[in-house]
Amino acid sequence: MAVVDRILRAVEAVLVWIAAATTAVILALATAEILARGLFNAPIRGQLDLITLAMPFAAILGISRALTRNAHVRMPLVVDALPQRARHIVEAAGMGLGAFICAVLSIGAYQFFERALAYSDNTPDLRIPTWPVKLMISASLALLAVRFALYALVHLRLVRDPADAAAEALLPAHRTLEDVTE
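Residues 1460 to 1641 in this note's numbering are what the sequence shown spells out, letter by letter.
Since the hints were derived computationally from the structure, they do not count as laboratory data.
Ideal Cβ placement from N, Cα and C applies to all residues, glycine included.
One or more hints might be untrue.
Per label pair, the in silico range of CB-to-CB distance [what the hints assert, rightly or not]:
(1) ALA1552 - ASN1500: 53 to 63 Å
(2) GLY1553 - ASN1581: 36 to 46 Å
(3) ILE1477 - GLN1570: 22 to 32 Å
(4) ALA1489 - ARG1533: 25 to 35 Å
(5) PRO1591 - ASP1623: 35 to 45 Å
(6) LEU1556 - ARG1468: 17 to 27 Å
(7) GLU1573 - ILE1466: 24 to 34 Å
(8) ALA1545 - ARG1496: 51 to 61 Å
(9) VAL1484 - ASN1581: 14 to 24 Å
(10) ALA1480 - ILE1560: 20 to 30 Å
Let the sequences and hints guide you as you build the complete structure.
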């Protein structure tokens, strides 16, 4: 499991940088569009197509990394009040459900990719193919499903042996509201 975790962390680190760079490009393009339209009365042709294709990269590539770093919003009030074994059972069930949902969504996104490729789907203005974005969405959801499944297995391992330090090290650090606001 540790090897899979290291591989996932390396992939997630690259993807989060791509997401950040894409966000910067979207902001630069939006700023350029506003300036071009306002100052020169000349909008940038196809900017909506470009932003539409770039937005999923900015939005979805970092999701698995957020799960890895425990940077997402969650309300663990009830779960934290449970005894340790029960907490790991509930967490394993939640992570397993997350893996299942992401796997189903990944398969659905892959079917959208196949249709876009088969029908040569492209953007209305610049005629850019949409299939690469749809494939990226499917791959990102598959990565998230693998991350959820890994955490489900780790929690199941901790149900068996709550003192398993190697398994505990694979989980993200528990963060509090104070950690996030600092």
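Do the hints match the structure? See the list:
| no. | hint | result |
| --- | --- | --- |
| 1 | ALA1552 - ASN1500: 53 to 63 Å | holds, 58 Å |
| 2 | GLY1553 - ASN1581: 36 to 46 Å | holds, 39 Å |
| 3 | ILE1477 - GLN1570: 22 to 32 Å | holds, 24 Å |
| 4 | ALA1489 - ARG1533: 25 to 35 Å | holds, 31 Å |
| 5 | PRO1591 - ASP1623: 35 to 45 Å | holds, 41 Å |
| 6 | LEU1556 - ARG1468: 17 to 27 Å | holds, 23 Å |
| 7 | GLU1573 - ILE1466: 24 to 34 Å | holds, 27 Å |
| 8 | ALA1545 - ARG1496: 51 to 61 Å | holds, 58 Å |
| 9 | VAL1484 - ASN1581: 14 to 24 Å | holds, 20 Å |
| 10 | ALA1480 - ILE1560: 20 to 30 Å | holds, 28 Å |
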